[in-house]
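Chains as they are written, first to last, in full-length UniProt numbering: chain A, 1 to 462; chain B, 1 to 365.
No wet-lab data here; the hints were simulated from the structure.
Keep in mind that a hint or two might mislead.
SDA-like, lysine to any residue: derived pairs with alpha carbons at most 25 Å apart [unchecked claim]:
id : chain 1 : residue 1 : chain 2 : residue 2
1  : B       : 169       : A       : 448
2  : A       : 329       : A       : 308
3  : B       : 109       : A       : 193
4  : A       : 409       : B       : 109
Here is how the chains run, residue by residue.
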Amino acid sequence: MPRFLAAKPDADLIRLPWNVPLESWPTAHLVALPRGISRHVVRFIQVGDDILAAKEILEEVAVHEYRQLTELRRLDVPAVEPVGVVLGRNDSEGNVLDPILLTRHLPFSLPYRALFYSGVKLDTVNRLLDAMVVLFARLHLTGFYWGDVSLSNILFRRDAGEFAAYLVDAETGELHAKLTDGQRAHDLQIATTNLFGEFSDLEAGGMLDPSLQPQWLVETIVDRYHSLWAELTGVEEFSESELYRLEGRVRRLNALGFDVAEIDVSTSADGSTIRMQPKVVEAGHHSRRLMRLTGLDAEEHQARRLLNDMDTFRAKIPGTMTESVAAHKWLMEVFEPATSRIPPDLAGKRDPAQFFHELLDYRWYMSQRENHEVSIVEAASGYVADVLRTLPDEEMSNVMPVGQELLNKYDPSQGFADDEEEPPYDPWEDGANDPELPVSFGFDIEALRARERAKSRERDPG
Amino acid sequence: MATVSYRDASRIYPGSDRAAVNKLNLEIEDGEFMVLVGPSGCGKSTSLRMLAGLEEVNAGNIFIGDRDVTDLPPKDRDIAMVFQNYALYPHMTVADNMGFALKMQNVPKAERQKRVQEAAHLLGLEDFLSRKPKALSGGQRQRVAMGRAIVRQPQVFLMDEPLSNLDAKLRVSTRTQIAALQRRLGVTTVYVTHDQVEAMTMGDRVAVLKDGILQQVDSPLALYDTPNNLFVAGFIGSPAMNLMIGKVTEGGATIGDYTVPVPRETLAKADGDETVTLGIRPETFKISSTGQGIALDIAVVEELGADSYLYGTLAGLSEDELVNAPQIVARVGARTAPQKGEVVRLEIDPEHVHVFNNTTEDRIS
Chain A
1 MPRFLAAKPD
11 ADLIRLPWNV
21 PLESWPTAHL
31 VALPRGISRH
41 VVRFIQVGDD
51 ILAAKEILEE
61 VAVHEYRQLT
71 ELRRLDVPAV
81 EPVGVVLGRN
91 DSEGNVLDPI
101 LLTRHLPFSL
111 PYRALFYSGV
121 KLDTVNRLLD
131 AMVVLFARLH
141 LTGFYWGDVS
151 LSNILFRRDA
161 GEFAAYLVDA
171 ETGELHAKLT
181 DGQRAHDLQI
191 ATTNLFGEFS
201 DLEAGGMLDP
211 SLQPQWLVET
221 IVDRYHSLWA
231 ELTGVEEFSE
241 SELYRLEGRV
251 RRLNALGFDV
261 AEIDVSTSAD
271 GSTIRMQPKV
281 VEAGHHSRRL
291 MRLTGLDAEE
301 HQARRLLNDM
311 DTFRAKIPGT
321 MTESVAAHKW
331 LMEVFEPATS
341 RIPPDLAGKR
351 DPAQFFHELL
361 DYRWYMSQRE
371 NHEVSIVEAA
381 SGYVADVLRT
391 LPDEEMSNVM
401 PVGQELLNKY
411 DPSQGFADDE
421 EEPPYDPWED
431 GANDPELPVS
441 FGFDIEALRA
451 RERAKSRERD
461 PG
Chain B
1 MATVSYRDAS
11 RIYPGSDRAA
21 VNKLNLEIED
31 GEFMVLVGPS
41 GCGKSTSLRM
51 LAGLEEVNAG
61 NIFIGDRDVT
71 DLPPKDRDIA
81 MVFQNYALYP
91 HMTVADNMGF
101 ALKMQNVPKA
111 ERQKRVQEAA
121 HLLGLEDFLS
131 RKPKALSGGQ
141 RQRVAMGRAI
151 VRQPQVFLMD
161 EPLSNLDAKL
171 RVSTRTQIAA
181 LQRRLGVTTV
191 YVTHDQVEAM
201 TMGDRVAVLK
211 DGILQQVDSP
221 LALYDTPNNL
231 FVAGFIGSPA
241 MNLMIGKVTE
251 GGATIGDYTV
261 PVPRETLAKA
271 DGDETVTLGI
281 RPETFKISST
291 GQGIALDIAV
301 VEELGADSYL
311 YGTLAGLSED
321 ELVNAPQIVA
331 RVGARTAPQK
341 GEVVRLEIDP
351 EHVHVFNNTT
361 EDRIS
């Protein structure tokens, strides 16, 4: 009987065929969604109304990753939600099967294989790279050494006109109090190698827009990471007449979506030079403010857009009204009436915050066209009818990347279904596949002594 | 090719009052396969990461060849971490999967092809070079991953538990392949594992660590035959060495009703303690033909091929003493094996008895 390690066990989980290797699960339980490549067996599975990602890995790794993901969520880092680990699996003949780590499919997420397709706009690519860099810097600020940064381990979500990136795989991750420069540099080095490999793989599969060069993409990511890191943590020195630079730095960080919780300012002995360095920087400046005021959970850029609309709304109210009262009024009179226009059958097209962001753009054009300020509810009806209905469903994006047909639609790691003849003979495999080969767990001291004797005979044949 | 030297190298994590690695001194020879082994938290991975540049060195130095790399960033150290990432790219050929990192570093195409070809030859992958990796077995994938490190021609290979996520069978065969390949390549290799069997079968020398302190560095046989202290004695060997407390008496140490002969000069090194610890490997016990020896009350007999392992406790213990009595393991020929429930006398060649000081835990024999 399998055991479940989970914070909130789900009864539907118990009925799944845990006694079957994940690779051989009946397709009735599987969902073919686009995703990256992986070195383990990974499948999307349907559990009640939920879609979960299931990964078959060794117990130690599964439990480590489950705990890392839990910790990252607690630290408010964008990462997929761990659901549990299924341990103690056996097949029908009693053979031990590796545990399965379960994470929740991130709704409205878009894997890279569906994004860097042929014909993608350079602008979109730039935004994807920025999202990746922000995620990377956030993880490093938190003290998280990823150890396996790659496109396959990142999911993207729409975030107003930008993208937000999420960590998917924490298998090799380690949480430290603070990362050393060496750890960051090494993480970045792994990232460049992995990303270069994956972009080259997309290129080889005809899935990368020909205008994009893997080398350029990787260099851009590294450059942007360095400049973002410098902005987030770098030391700035200026004379006492330039004190405004202190506030300027904080504003720039806010604009990048970061809050400065602690800043280190010191003055030279003669008082002429001021040195400052942000010490504690936290991401989510706008999304935290939106959450505090309205209880809405949105991505960073979406939050900024919503807050702007809320601030404009408040400015138009005669007299003075506190921010929190105005926020409540905005929520009841603007946001909710607008988003309640989304018919249930179209709810999977956009999440409410993204819908509202796109609706604001739509209303602006509509007002221009009609030469008067269109109400948000009226615009919402128009947007649903004209635009939303035509968009692809993204709650569970099944937009498959262009290219040939996959060998296994549930596993992109296996590549395309092109014909290949029998694999060549490999003498190295004989040993590994030899059923007679004893799997010795113990330690054979006699074999070691024999080896040493043979070695010393070699050295001294006399 | 290069040597690696740790000189008084320490790592102390911020906020911790104990060094994760405490004044490590280790000289690794050019071309040597050095394994760092020890239980979780012993500092083996931290030591490797200090060499890789992933952990700060708070005191002391690390040299690769005659270059002090203590403060160099990882990328300037000319090392390769093997198996860190062995995701294979499904749309690229095996050759491209091995050589793509060279392409990123702008190594000219002809040079790239040459290095890939050489690595493929070493790894027996030549016939696979133009194929896609989808049909490769787990072992073949590992070899492609190893090829990725080989084509970079680093001075030192670093491997941190590379086999930890392979199944048991693949682990055994890959272990042999890595060791053989390292010998052919002759590249200095530092390998970290928690598995002493892996350490003993792969390393030219093995460094045993505990609580951040190097306990002993020696060839596998020397570690087995002359462990420096109680920790190494108990850690190396499977099944483990029997460690039994003996009361110091005239001419030996008494266990139960039997006195194991120990030379007087060895006993003198017990620093006046009333007891010493005797270490006896399971295979050095023999069933006594004279009726003399340690009395073993056999609880389990396990037959493994030509040998039988006898598991039990010292005979003649009271109920209270049994609760904390250490298990004794003896390996005897299967043909002479007694039955479960019997009491046998085990004799030992005094030459094969390891004696440890109970206060310092150091070897005194």
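Hint check results:
{"no.": "1", "hint": "B:169 <-> A:448", "in the structure": "holds (20 Å)"}
{"no.": "2", "hint": "A:329 <-> A:308", "in the structure": "holds (15 Å)"}
{"no.": "3", "hint": "B:109 <-> A:193", "in the structure": "holds (18 Å)"}
{"no.": "4", "hint": "A:409 <-> B:109", "in the structure": "violated (35 Å)"}
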